[in-house]
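A.B. asks: Taking the hints into account, I'd like the entire structure generated from these sequences.
So the sequence lines, in the order shown, correspond to chains A and B. Take the first sequence: its position 52, counted from the start at 1, is 43 in my numbering, and no numbers get skipped. Heads up, my numbering is the position in the second sequence plus 11, with the first residue counted as 1.
One or more hints might be untrue.
[Stated by the list, open to error] Simulated DEER-style distance windows between Cβ atoms:
1. B:Met65 x A:Gly7: 50 to 56 angstroms
2. B:Thr80 x A:Glu91: 23 to 29 angstroms
3. A:Glu9 x B:Glu26: 46 to 52 angstroms
4. A:Asn21 x B:Ala40: 20 to 26 angstroms
5. A:Glu53 x B:Glu50: 28 to 34 angstroms
6. B:Ser23 x A:Arg32: 22 to 28 angstroms
7. A:Gly7 x B:Arg72: 45 to 51 angstroms
8. A:Glu74 x B:Thr80: 42 to 48 angstroms
[Claimed, not checked] List of simulated lysine-lysine pairs, DSSO-like, C-alpha gap at most 27 angstroms:
9. B:Lys82 x B:Lys67
10. A:Lys59 x B:Lys53
11. B:Lys114 x B:Lys67
12. A:Lys69 x B:Lys114
13. B:Lys67 x A:Lys69
By construction, these hints were calculated from the structure, which means they are not laboratory data. Cβ atoms here follow ideal geometry from the backbone N, Cα and C, with glycine treated the same way.
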Amino acid sequence: DAGVIQSPRHEVTEMGQEVTLRCKPISGHNSLFWYRQTMMRGLELLIYFNNNVPIDDSGMPEDRFSAKMPNASFSTLKIQPSEPRDSAVYFCASSLWVSEQFFGPGTRLTVL
Amino acid sequence: GESVGLHLPTLSVQEGDNSIINCAYSNSASDYFIWYKQESGKGPQFIIDIRSNMDKRQGQRVTVLLNKTVKHLSLQIAATQPGDSAVYFCAEIAGNTPLVFGKGTRLSVIA
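C.D. replies: Structure (structure tokens):
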């Protein structure tokens, strides 16, 4: 298995633009997690899905953030409109349950 | 992916020495604990886990100790190598809730 796949690896955009981050979890995993990592706040859980259903989105910072999981092999995290303070590394992780999570390589987002 | 907070604890260890990274957790209901390693530019990677009914678990060069009385978790790395340089996170699970990650500790190995 290739592990968790994220795209793009790097994204540079201007304030106000829409940003879409993509994730393909490990085949067979039924839980998917989106995290944000910054120097100031460390690793923050934004939202997680179980069997494609959002379970807890209390970590999503604002309405500008949204996440979807249309099927078991794909998820997106969208920011619209983006702001400079959204600059961070965004990780996707998947697991069979809420136990050991396997992380993707991350997407480094820079909003100018 | 940088994971350094402005106040991230740092541990510097001479190559070949043993490292001990500590973590305090707050939820007495946590029943499963995991240590992750994050190297620069990568996502966190699973190292070792332990369930609350155990107080020690050993892996290859790593040992995790759990003291539920004082809610303390430690990761011991034997014969530390330059490749061990990374940020280490402890994480805990209580029931069906997802992992809660600690802030992390940066391990720096001096060659």
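A.B. asks: Indicate, hint by hint, whether the structure satisfies it.
C.D. replies: Do the hints match the structure? See the list:
1. Distance hint for B:Met65 and A:Gly7: a CB-CB separation of about 51 angstroms, consistent with the stated range 50 to 56 angstroms.
2. The hinted range of 23 to 29 angstroms is satisfied by B:Thr80 and A:Glu91, whose Cβ atoms lie roughly 26 angstroms apart.
3. In this structure the supplied range 46 to 52 angstroms holds for A:Glu9 paired with B:Glu26, their Cβ-Cβ distance being about 47 angstroms.
4. A C-beta distance of roughly 23 angstroms is found between A:Asn21 and B:Ala40, which places it inside the suggested range of 20 to 26 angstroms.
5. Checked against the hint of 28 to 34 angstroms, the pair A:Glu53 and B:Glu50 passes, with Cβ atoms roughly 31 angstroms apart.
6. Range check, B:Ser23 to A:Arg32: Cβ separation about 25 angstroms, and the 22 to 28 angstroms hint holds.
7. The hinted range of 45 to 51 angstroms is satisfied by A:Gly7 and B:Arg72, whose Cβ atoms lie roughly 49 angstroms apart.
8. In this structure the hint that A:Glu74 and B:Thr80 lie 42 to 48 angstroms apart at CB holds, the actual value being about 45 angstroms.
9. Proximity of B:Lys82 to B:Lys67 is assessed by CA-CA distance (about 14 angstroms); at most 27 angstroms being required, the pair is judged to hold.
10. Simply put, A:Lys59 and B:Lys53 have alpha-carbon atoms about 24 angstroms apart, close enough for the 27 angstroms limit, and the pair holds.
11. For the hint pairing B:Lys114 with B:Lys67, the CA-to-CA distance comes to about 22 angstroms; that is within 27 angstroms, so the pair holds.
12. Of the supplied pair hints, the one linking A:Lys69 and B:Lys114 holds, its CA atoms being roughly 26 angstroms apart against a limit of 27 angstroms.
13. Between B:Lys67 and A:Lys69, the direct Cα distance comes to roughly 42 angstroms. Violation of the 27 angstroms bound is thereby established for this hinted pair.
Hint compliance for this structure: hint 13 is the single one not met.
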